[in-house]
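Novice: Listed here are the chains, written in short residue letters.
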Amino acid sequence: MKSERKLERAQRATVISALLLFILILFLLQLWLFVSSLEKALSGNPDIGVAAAITSVVVLFVNVWMLKGVFTLSRED
Amino acid sequence: MSQELRRSFPVDWADDQFVSRREFFKFITLASGGFAVGSIALAALSKRPREEIFFEPLCIAQTSSIKPGSAIGFEFPRPNDLCILVRKSDGTFVAFARRCTHLSCPVNYEHERERLFCPCHNGAFSLDDGRVLQGPPPHPLPQVLIEIRDGEVWATGVKKASHA
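Heads up: the sequence lines are chains D and U, in that order.
Each residue of the first sequence is one higher than the one before, starting from 1 at the first, in the numbering used here.
Each residue of the second sequence is one higher than the one before, starting from 78 at the first, in the numbering used here.
Since the hints were derived computationally from the structure, they do not count as laboratory data.
Some hints here could point you the wrong way.
For lysine-lysine, the following DSSO-like pairs were computed, each having C-alpha atoms within a straight-line distance of at most 27 Å [claimed, not checked]:
{"id": "1", "chain 1": "U", "residue 1": "K165", "chain 2": "D", "residue 2": "K40"}
{"id": "2", "chain 1": "U", "residue 1": "K103", "chain 2": "U", "residue 2": "K236"}
{"id": "3", "chain 1": "U", "residue 1": "K124", "chain 2": "U", "residue 2": "K144"}
{"id": "4", "chain 1": "U", "residue 1": "K236", "chain 2": "U", "residue 2": "K165"}
{"id": "5", "chain 1": "U", "residue 1": "K103", "chain 2": "D", "residue 2": "K68"}
{"id": "6", "chain 1": "U", "residue 1": "K236", "chain 2": "D", "residue 2": "K40"}
{"id": "7", "chain 1": "U", "residue 1": "K124", "chain 2": "D", "residue 2": "K40"}
Only chain D is shown next, with the shape it has when bound in the complex (with noise of 0.2 Å):
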């Protein structure tokens, strides 16, 4: 039993830890949508601004749904 919850324990760190990279790559592509509209914004030609921030807000969602999944998961330690 004791073994058993230890593997619990370690399975939720590694789902953690995949989390953690996951939200790391969804926020690097946030930042790069980020500057590439900002720069082609300033550089008179706007026209991927709507599908940036579109992307951005899914990428915003995502985020915030791993967060709520890391919570229930640091709730069952």
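Assemble chain U onto chain D, guided by the hints.
Specialist: Below, chain U without anything else, positioned relative to chain D:
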């Protein structure tokens, strides 16, 4: 004094500077929200209509002083903002900013080909709407809005170049 302070106000630095995974996730999600709001603001700004900007009108020349198939330079809306007024072969007037959108060389009117030509890197622009016809310029030339008033050509504003 320093030792006394530490004794009086003990701070566990390791514990104080510890950031849990949950806190880190919260921080990243908050920053992600900031980027999302910023991107929405950028998109909203880009949708704002800014096609035509009007300035204090400036008289450029008498219509009779410019023959069809010729051009003159002028400065609008501020001094040193070089522009070019062209009277096309059909007698109509058009005006554009004169700085090439590549490296800001002044463009010249080519009567034979009815176009604006940049001699620095062989860029060429259309006289219809300022679009790029050839060469390295990345954007069209901004068009100067003009009006004919009592036999005079007046510059009234600038039309932002279309990127389509």
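Novice: All hints, please: hold or fail.
Specialist: Results for each hint:
For the suggested pair K165 of chain U and K40 of chain D, the alpha carbons sit about 34 Å apart, so the restraint of at most 27 Å is broken. For the given pair, K103 of chain U sits about 46 Å from K236 of chain U by alpha-carbon distance, which is inconsistent with the 27 Å threshold. Between K124 of chain U and K144 of chain U, the direct Cα distance comes to roughly 40 Å. Violation of the 27 Å bound is thereby established for this hinted pair. Proximity of K236 of chain U to K165 of chain U is assessed by CA-CA distance (about 19 Å); at most 27 Å being required, the pair is judged to hold.
About 10 Å separates the Cα atoms of K103 of chain U and K68 of chain D, which keeps this hinted pair within 27 Å; it holds. The hinted pair formed by K236 of chain U and K40 of chain D meets the criterion: a straight-line CA distance of about 19 Å does not exceed 27 Å. With a C-alpha separation of about 13 Å, the suggested pairing of K124 of chain U with K40 of chain D holds against the 27 Å cut-off.
Hint compliance for this structure: hints 1, 2 and 3 are not met, and every other hint is.
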